[in-house]
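K.L.:
Here is what each chain is made of, one letter per residue.
2 protein chains.
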Amino acid sequence: MALYDFYFQQFNEKVPLTKEEQEQIQSYLTLRKIRKKQSFLQEGEVCKSYAFVNKGSLRKYSIENGNEHIIQFAIEGWTVGDLLSFLSEEPATYHIDTLEDSELVLMSKAAHDELLRTQPKYETYFRLLITGAYIALQRRHSFTLSLPVEQRYTDFVKKYPEIVQRVPQHMIASYLGLTPETLSRVRKKLAKRK
Amino acid sequence: MALYDFYFQQFNEKVPLTKEEQEQIQSYLTLRKIRKKQSFLQEGEVCKSYAFVNKGSLRKYSIENGNEHIIQFAIEGWTVGDLLSFLSEEPATYHIDTLEDSELVLMSKAAHDELLRTQPKYETYFRLLITGAYIALQRRHSFTLSLPVEQRYTDFVKKYPEIVQRVPQHMIASYLGLTPETLSRVRKKLAKRK
Numbered sequence: 001m002a003l004y005d006f007y008f009q010q011f012n013e014k015v016p017l018t019k020e021e022q023e024q025i026q027s028y029l030t031l032r033k034i035r036k037k038q039s040f041l042q043e044g045e046v047c048k049s050y051a052f053v054n055k056g057s058l059r060k061y062s063i064e065n066g067n068e069h070i071i072q073f074a075i076e077g078w079t080v081g082d083l084l085s086f087l088s089e090e091p092a093t094y095h096i097d098t099l100e101d102s103e104l105v106l107m108s109k110a111a112h113d114e115l116l117r118t119q120p121k122y123e124t125y126f127r128l129l130i131t132g133a134y135i136a137l138q139r140r141h142s143f144t145l146s147l148p149v150e151q152r153y154t155d156f157v158k159k160y161p162e163i164v165q166r167v168p169q170h171m172i173a174s175y176l177g178l179t180p181e182t183l184s185r186v187r188k189k190l191a192k193r194k
Numbered sequence: 001m002a003l004y005d006f007y008f009q010q011f012n013e014k015v016p017l018t019k020e021e022q023e024q025i026q027s028y029l030t031l032r033k034i035r036k037k038q039s040f041l042q043e044g045e046v047c048k049s050y051a052f053v054n055k056g057s058l059r060k061y062s063i064e065n066g067n068e069h070i071i072q073f074a075i076e077g078w079t080v081g082d083l084l085s086f087l088s089e090e091p092a093t094y095h096i097d098t099l100e101d102s103e104l105v106l107m108s109k110a111a112h113d114e115l116l117r118t119q120p121k122y123e124t125y126f127r128l129l130i131t132g133a134y135i136a137l138q139r140r141h142s143f144t145l146s147l148p149v150e151q152r153y154t155d156f157v158k159k160y161p162e163i164v165q166r167v168p169q170h171m172i173a174s175y176l177g178l179t180p181e182t183l184s185r186v187r188k189k190l191a192k193r194k
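Protein chains in written order, with UniProt numbering: chain E, 1 to 194; chain C, 1 to 194.
Keep in mind the hints are simulated off the structure, nothing from the lab. A few of these clues could be false.
Said to hold, decoys possible - In silico BS3-like cross-links for lysine-lysine, where the CA-CA straight-line distance does not exceed 27 Å:
#1 K48/C - K48/E
#2 K109/C - K14/C
#3 K109/E - K36/E
#4 K121/E - K48/C
#5 K14/C - K14/E
#6 K189/E - K159/E
#7 K14/E - K48/C
#8 K36/C - K109/C
#9 K19/E - K121/C
#10 K19/E - K36/E
#11 K14/C - K109/E
#12 K36/C - K55/C
#13 K189/C - K121/E
#14 K121/C - K48/E
#15 K158/E - K189/E
#16 K109/E - K19/C
#17 K121/E - K121/C
#18 K14/E - K48/E
#19 K109/C - K121/E
#20 K19/E - K158/E
#21 K48/E - K33/E
#22 K121/E - K36/C
#23 K158/C - K121/C
#24 K14/E - K109/E
#25 K158/C - K14/E
#26 K37/E - K19/E
#27 K14/E - K121/C
#28 K109/E - K159/E
Isolated chain E, as found in the complex (with noise of 0.2 Å):
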């Protein structure tokens, strides 16, 4: 499979492209090999490039307090970055790392804001992309804030069953909002009801 063909398998089931669209598309994009547990984007620094995940695997997350926080996973197919820094280039409140060895595509804004101007389907993907975000950000705050913590996991493991697989206990258990120790007792009681 060539470099850019899942990513624009990707684009193209938002917006169909032409051959030649997808040709001025790809001009604008870098393939970047990362290795597992490096840093793609540390706090402080600006958010140059947002990444759509080709391979591999990476969490976002915050440090408050000297605890981590993870508010985003992202495996093959998903996009990932902090927008707030990436659009207004002021620093980035996240970290960003991969935990598994990953191949990013990567969009650069300088590429970015030139699409916008000059290519009205990369517009039309950038919207649609920021919309999927918004929806699943909002689900995601909704059923954190209010659901039983066993549910939580539960819903957690249904939809992200791949997930569930390959990222460590104690980061879903962040991502879930609960404790380690808590994640485990929740484990241990759905275990025994098999």
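With chain E's structure known, arrange chain C on it following the hints.
P.N.:
Here is chain C on its own, set in the frame of chain E:
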């Protein structure tokens, strides 16, 4: 001030419009007045329009296990709706109702779809609207999970002083993920320090 002046003031700050473009977009808008404590949207209905708040205030919330969880307040100049329901035409998962007598500028789904097809500046406006909403939600999500309760409240007061004046305390508690008792304790503690 003419009915849609405030709406177009905010629109032009995001995307400058010519007089003709403004007239085109205005032809799709409708104005709706709702008295205080009335429903704009109920869970299970389809969200047929999203609303720009010309006057008044609203809250958006979910009900889980009999408890209300407020996810957003909206005052003049803000936009509110159940986006997932609006875009997908699936039943809404949120309730939205007015806190005060309100005046709303409505954009229906049919109008939204037609403007996306025919008016590129509307697409840009909507992209910026949703980008801003995503950033605000992400910020809110991070601090709700991670900040100590006292700081959640002081940050909220600093950021939204007008909402603190206009919205009942128990609703602010719900928004911050606190019980009314906890919020009351925090407020007393802060008052003593002054």
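K.L.:
All hints, please: hold or fail.
P.N.:
Verification of the supplied hints:
1. K48/C - K48/E: Between K48/C and K48/E the Cα gap is close to 37 Å, so the pair fails against 27 Å, i.e. violated.
2. K109/C - K14/C: holds (21 Å)
3. K109/E - K36/E: Since the Cα atoms of K109/E and K36/E sit roughly 25 Å apart, the hinted pair holds (cutoff 27 Å).
4. K121/E - K48/C: The given pair, whose Cα atoms are some 26 Å apart, holds under the 27 Å limit.
5. K14/C - K14/E: Holds - the C-alpha atoms of K14/E and K14/C are around 25 Å apart, at most 27 Å.
6. K189/E - K159/E: At roughly 20 Å apart (the allowed maximum being 27 Å), K159/E and K189/E satisfy the hint.
7. K14/E - K48/C: Holds, at about 23 Å.
8. K36/C - K109/C: Measuring from Cα to Cα gives roughly 25 Å; hence the hint holds.
9. K19/E - K121/C: Cα-Cα ~26 Å, so holds.
10. K19/E - K36/E: Measuring from Cα to Cα gives roughly 34 Å; hence the hint is violated.
11. K14/C - K109/E: At roughly 19 Å apart (the allowed maximum being 27 Å), K109/E and K14/C satisfy the hint.
12. K36/C - K55/C: holds (11 Å)
13. K189/C - K121/E: Violated, because 54 Å separates the two Cα atoms, which is more than 27 Å.
14. K121/C - K48/E: holds (26 Å)
15. K158/E - K189/E: Within the cut-off at roughly 17 Å; holds.
16. K109/E - K19/C: Not satisfied, since the Cα-Cα distance of roughly 32 Å exceeds 27 Å.
17. K121/E - K121/C: Given that 27 Å is the threshold and the Cα spacing comes to 13 Å, the pair holds.
18. K14/E - K48/E: holds (24 Å)
19. K109/C - K121/E: Distance of about 21 Å is within 27 Å: holds.
20. K19/E - K158/E: Judged against 27 Å, a Cα distance of about 38 Å means the pair is violated.
21. K48/E - K33/E: Holds, at roughly 16 Å.
22. K121/E - K36/C: Not satisfied, since the Cα-Cα distance of roughly 42 Å exceeds 27 Å.
23. K158/C - K121/C: With Cα atoms ~33 Å apart, K158/C and K121/C exceed 27 Å; violated.
24. K14/E - K109/E: holds (21 Å)
25. K158/C - K14/E: With a Cα-Cα distance of about 40 Å, the restraint between K158/C and K14/E is violated, given a limit of 27 Å.
26. K37/E - K19/E: violated (36 Å)
27. K14/E - K121/C: Between K14/E and K121/C the Cα gap is close to 20 Å, so the pair holds against 27 Å.
28. K109/E - K159/E: violated (32 Å)
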